[in-house]
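Peer 1: Sequence:
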Amino acid sequence: MRFKAKKSYGNYKTTPCPFCQRTATHKNTQGIETCHRHAKDALPEIKCLCGSWLEQKAGKFGPYFNCANCGNINFKKGLEFKEITVKRLISETIPETRKFTPEKPILKQKKEITISSNDVEYFS
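Following the working numbering, the numbering of the sequence shown begins with 1 at its first residue and continues without gaps.
None of these hints come from the bench; they were simulated from the model.
Since the model is a prediction, treat every value here as computed from it, not as a measurement.
It cannot be assumed that every hint is accurate.
[To be verified] List time: in silico PhoX-like cross-link candidates among lysine-lysine, alpha-carbon distance up to 20 Å:
| # | residue 1 | residue 2 |
| --- | --- | --- |
| 1 | K13 | K27 |
| 2 | K60 | K76 |
| 3 | K57 | K47 |
| 4 | K27 | K57 |
| 5 | K57 | K40 |
| 6 | K82 | K47 |
| 7 | K77 | K57 |
| 8 | K13 | K76 |
| 9 | K82 | K57 |
| 10 | K76 | K57 |
| 11 | K47 | K76 |
| 12 | K60 | K27 |
| 13 | K77 | K47 |
| 14 | K60 | K77 |
| 15 | K77 | K13 |
| 16 | K27 | K40 |
| 17 | K76 | K27 |
| 18 | K60 | K13 |
[As the list claims (entries may be wrong)] Quick list of simulated restraints, FRET-style, between CB atoms:
| # | residue 1 | residue 2 | range |
| --- | --- | --- | --- |
| 19 | K6 | E80 | 32 to 40 Å |
| 20 | K76 | K6 | 22 to 30 Å |
| 21 | C70 | I113 | 44 to 52 Å |
| 22 | S8 | G51 | 39 to 47 Å |
Idealized CB from N, CA, C, for every residue including glycine.
All chains, full assembly: derive it from the sequences and hints.
Peer 2: Given below as structure tokens:
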């Protein structure tokens, strides 16, 4: 028979700051829980992977994002979208330097192997 663990009130939910991952104790002007260092900072606009802008909302279970095409999106997933779209924008604006490679080496010609039922090695 298993016994229930003792409840410890107040320790079950710790909200990290979206800017620095420290424990959030304040709310900024947008209503996002942040640490005391980022209480005056605002979260920049974030684009969804589909291309439309994410609208930040706060509900009963905490902050979340709403996309016009995709619907409601988890707050953590929305912040991950920010990192993905920033990397995509950087890669589009800065072209990669391509190394000059001489002609491709000649590939060996492929052998065709025929296996029959008489081959003992393949049917053991």
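Peer 1: Does each hint fit the structure? Answer for all of them.
Peer 2: A quick look at each hint next to the structure:
| no. | hint | verdict |
| --- | --- | --- |
| 1 | K13 to K27 | holds, 16 Å |
| 2 | K60 to K76 | holds, 16 Å |
| 3 | K57 to K47 | holds, 15 Å |
| 4 | K27 to K57 | holds, 14 Å |
| 5 | K57 to K40 | holds, 18 Å |
| 6 | K82 to K47 | holds, 7 Å |
| 7 | K77 to K57 | holds, 14 Å |
| 8 | K13 to K76 | holds, 15 Å |
| 9 | K82 to K57 | holds, 16 Å |
| 10 | K76 to K57 | holds, 13 Å |
| 11 | K47 to K76 | holds, 14 Å |
| 12 | K60 to K27 | holds, 15 Å |
| 13 | K77 to K47 | holds, 12 Å |
| 14 | K60 to K77 | holds, 18 Å |
| 15 | K77 to K13 | holds, 18 Å |
| 16 | K27 to K40 | holds, 9 Å |
| 17 | K76 to K27 | holds, 17 Å |
| 18 | K60 to K13 | holds, 14 Å |
| 19 | K6 to E80: 32 to 40 Å | holds, 35 Å |
| 20 | K76 to K6: 22 to 30 Å | holds, 29 Å |
| 21 | C70 to I113: 44 to 52 Å | holds, 49 Å |
| 22 | S8 to G51: 39 to 47 Å | holds, 44 Å |
Hint violations for this structure: none, all hints satisfied.
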